[in-house]
Amino acid sequence: MTSLPEKTDKKLGLVVDLDICVGCHACAVNCKEWNAGAKSAPLTDYDPYGKKPDGVWFNRVHTYETTDEAGHGQTVHFPRSCLHCEDAPCVTVCPTGASYKREEDGIVLVNEDICIGCKLCSWACPYGAREYDENEGVMKKCTLCIDKIYNENLPQESRVPACVSTCPAGARSFGDLGDPESEVSKLVAARGGYDLMPEQGTKPVNKYLPPRPRQDGREGDKAPRMLEHADDSTEGAGLIARWVDKILS
Amino acid sequence: MHPAKSVIFFTTASGAGYGMMIWLGVLAALGEVYPDASLGIVTLGLAFALIVAGLLSSTLHLGRPERAWRALSQWRSSWLSREGLAAIIAFVPLGIFAFAWVVMGTNSGAAAMAGLAGAALSLLTLYCTAMIYASLRPIPAWHNGWTVAGYLVLGPMSGAVLLTAIFHLFGQSKPAAITSLLSLALLATGLLVKLAYWNLIRNEAPVSTAGTATGLGHLGKVEMTGSPHDNDNYLLREMGFRIARKHAEKLRTIAVALGFVLPFLCLLATIYLTGGLMPLLLSALATLSCAIGLAAERWLFFAEARHAVTLYYGEQAV
Ligand code: SF4
Ligand code: SF4
Ligand code: SF4
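Line by line, the protein sequences are chains A and Y.
Each residue of the first sequence is one higher than the one before, starting from 99 at the first, in the numbering used here.
Each residue of the second sequence is one higher than the one before, starting from 2 at the first, in the numbering used here.
Source of the hints: derived by calculation from the structure; they are not laboratory data.
Among the hints, a few may not be true.
[Said to hold, decoys possible] Straight-line alpha carbon distances no greater than 35 Å define the calculated DSBU-like cross-link-like pairs of lysine-lysine that follow:
| no. | chain 1 | residue 1 | chain 2 | residue 2 |
| --- | --- | --- | --- | --- |
| 1 | A | LYS284 | A | LYS137 |
| 2 | Y | LYS6 | A | LYS130 |
| 3 | A | LYS150 | Y | LYS6 |
| 4 | A | LYS149 | A | LYS130 |
| 5 | A | LYS150 | Y | LYS247 |
| 6 | Y | LYS247 | A | LYS149 |
| 7 | Y | LYS222 | A | LYS149 |
| 8 | A | LYS217 | Y | LYS251 |
| 9 | A | LYS301 | Y | LYS222 |
| 10 | A | LYS246 | A | LYS217 |
| 11 | A | LYS108 | A | LYS130 |
| 12 | Y | LYS222 | A | LYS130 |
| 13 | A | LYS217 | Y | LYS6 |
| 14 | Y | LYS222 | A | LYS217 |
| 15 | A | LYS108 | A | LYS137 |
| 16 | A | LYS149 | Y | LYS6 |
| 17 | A | LYS150 | Y | LYS251 |
| 18 | Y | LYS6 | A | LYS137 |
| 19 | A | LYS217 | A | LYS137 |
| 20 | Y | LYS222 | A | LYS150 |
Can you build the whole structure from these sequences, using the hints too?
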C-alpha cells in the first residue's frame, strides 16, 4: 500500500550532529558493509576494482564550506541518507506498492520482490536518498538497519544502525523522534535540531544539529595562546614549597 | 533530469496517438468522417501503433518489465498507476470503436458513443501522464500548471496535424478541413503554452537552495568542497544532467520553429493551395516538422528540469 499511514506509533530515525562529524566516511563504509549482507543484499558494485568504481550506497558524506559576508569560512562535513519522512513523497508515487512506510515505527522501505524499477520514487525524493541497482533492476535505500535494530541475536547495545555504532566521533544518534522524552528528542530540543529542505513538505523524521558558532578571532573568549608560569608566585603555596622556593631562589 | 530516449519517445508517440483517437472519436460523433474501412485501418491502426509503441517502450525500460502488471495496483496514491489503468481502460471503448468502424462499417450511434468514451479516456490518460511530472515537487520546472497544459494541448495538437495529412492522403477534404482548423488553433495555443512555460521556468523564484538543503544557509554561501564519490553515481547520471544555456536556446528555437511555426504556415497554406498534391505534401511536411520539433521540445522538458538533489552536488538553487 503506498498510501501513507495516518500516524505511526513511533518515529524511529537518526540525529546527525554536524558539529561533531569529522567527515571520516566510516558511517558510509559500515553502512555498505552491513547492508551488503543484510536485507537489501547484494548492495551492488559496478567495476569495483577498475578505473571507475561505482555502486549503490545508502549513506554519502559530503563536505561543504560556508563563507559569510565578512569572508569567514567554516568547513562542515555532511552525511546524507534517507530521512524516513513523515510525508514521504517517494512512497505515494510508487505505482506497485513496493515502497511503503511502516505503521509501527515509521521506517520507509522498498519491497524488492515487487519493485518494477520504474525509478519514479528516486525522482520524488528531494534528498537523493534512493539509489537504483542496475544489476537487480530494483530500487534500494536505507533500511534504518531494520535487520540490526530488532535483531535478537545481537546484544542490546548493538541493536542500533550500523552507521551509528561505527561513528568514531559519536556524531550520530538513533531513537524515537516521536517521543518527546527520548534522548534523541531532548538532544534535538537542546541543540536546535532542524529539518532539511522543510519547504519540500516531506516532514523528515531525521534531524540535523547545526555546527556550533566558531570564534573568528575578534572575540575575547579564546583559549590562552601561552601557558602562564604557574610558579611565579609563592603566595598560597604550602610550607615545604615556600621553603624549597627560598633555597632555590 | 536525464533526457532518456525511451521517455521522450513514449510521451511524444503516445501523445500523438491519443490525440488522433480524441479527434477521430469527436469527428465520428459529429458525423464528419465517413467510416471507410481502409481509412479506419490507417488512422485507427496508426493511432493504436503509436500508443502501444509508446507504452511498450516505457514498459521495456523498467528494471523488471515482467512485473509491470503490478503498477496497476496503487491508483489511490500514484499517478503512474492511474496512467497505466486509464491507458488500459481506454483500450476497451477504443477497441469497440475501431471494430465497429473497420469491421462493421459504422462509426455512428453506439459506435460513436464508444468513440467519445475512448476520446475522454484518452484525454484522461494524457492528464495522468502530465500529473506524473507535475506532482514532483523536487523538480520545480515540472511542478506547475503549465506542465499539465503542455501535455493536454500538445497531444491533441500533434494528433490533429497527423490526421490532417492522412485525410489528405485519402482525399477526404471535408474532415481534413476540420482537422486543419483544429491544428491551426492548437498549434497557436500550444506555442503560447510553451512560451508561458519557458517564461515561468526561467523567471520563477527558486524553491530550494544549497542553504536549505544543508540547513547551513545562515552561515553564508554554501559550496561543496568534497564529493562523497570520485565518479558519477546513479543520482548524478539520472538527475544531475546539465545543459548549457546556449544549447538550450538553440533547441528552443528549433522546437518553436519546427514544432509550431512551420506546421502552422504549412497548414495555413493548404487553405489556399488546394490543387493537386499540394495539400498532401504540405500537411505531410507539417507532420514531419511537428514530430521533430516536439522531440526537441520534450528533450528540453527533461534536460532543463533541475532536481533538488543537485543542491547537494554544487547547484546553488533550483
Ligand atoms: S528521504 Fe527521500 S527516500 Fe527517504 S523517506 Fe524522505 S523522500 Fe523518501
Ligand atoms: S522504482 Fe520500485 S519502489 Fe520506486 S516507485 Fe518504482 S516500483 Fe516503486
Ligand atoms: S541506518 Fe543503516 S542503512 Fe541507513 S544509513 Fe545508517 S547504516 Fe545505512
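Right, here's what the structure says about each hint:
Simply put, LYS284(A) and LYS137(A) have alpha-carbon atoms about 31 Å apart, close enough for the 35 Å limit, and the pair holds. A hinted pair counts as satisfied when its Cα atoms are at most 35 Å apart, and LYS6(Y) with LYS130(A) qualifies at roughly 32 Å. Between LYS150(A) and LYS6(Y) the CA atoms are separated by roughly 25 Å; this keeps the pair inside 35 Å, and the hint holds. Of the supplied pair hints, the one linking LYS149(A) and LYS130(A) holds, its CA atoms being roughly 20 Å apart against a limit of 35 Å.
About 30 Å separates the Cα atoms of LYS150(A) and LYS247(Y), which keeps this hinted pair within 35 Å; it holds. The hinted pair formed by LYS247(Y) and LYS149(A) meets the criterion: a straight-line CA distance of about 33 Å does not exceed 35 Å. For the given pair, LYS222(Y) sits about 34 Å from LYS149(A) by alpha-carbon distance, which is consistent with the 35 Å threshold. Straight-line distance between C-alpha atoms of LYS217(A) and LYS251(Y) comes to about 30 Å, which keeps the hinted pair within the 35 Å bound.
Taking the CA atoms of LYS301(A) and LYS222(Y), the gap is about 25 Å. The hint holds against a cut of 35 Å. A hinted pair counts as satisfied when its Cα atoms are at most 35 Å apart, and LYS246(A) with LYS217(A) qualifies at roughly 27 Å. Restraint check for LYS108(A) and LYS130(A): the C-alpha separation of about 26 Å stays at or below 35 Å, so the hint holds. Proposed proximity of LYS222(Y) and LYS130(A) is supported: the alpha carbons are some 31 Å apart, at most 35 Å.
This hinted pair checks out: LYS217(A) and LYS6(Y) have alpha carbons roughly 15 Å apart, not beyond 35 Å. At roughly 32 Å between alpha-carbon atoms, LYS222(Y) and LYS217(A) fall within 35 Å of each other, so this suggested pair holds. Restraint check for LYS108(A) and LYS137(A): satisfied, since their Cα atoms lie roughly 21 Å apart, inside the 35 Å limit. As the CA atoms of LYS149(A) and LYS6(Y) are separated by approximately 28 Å, the hinted pair is consistent with the 35 Å bound.
Taking the CA atoms of LYS150(A) and LYS251(Y), the gap is about 33 Å. The hint holds against a cut of 35 Å. Between LYS6(Y) and LYS137(A) the alpha-carbon distance is near 33 Å, which keeps this suggested pair within the 35 Å criterion. Taking the CA atoms of LYS217(A) and LYS137(A), the gap is near 20 Å; set against the 35 Å cutoff, the hint holds. Straight-line distance between C-alpha atoms of LYS222(Y) and LYS150(A) comes to about 31 Å, which keeps the hinted pair within the 35 Å bound.
Violation of the numbered hints given earlier is absent; every hint is satisfied by the structure.
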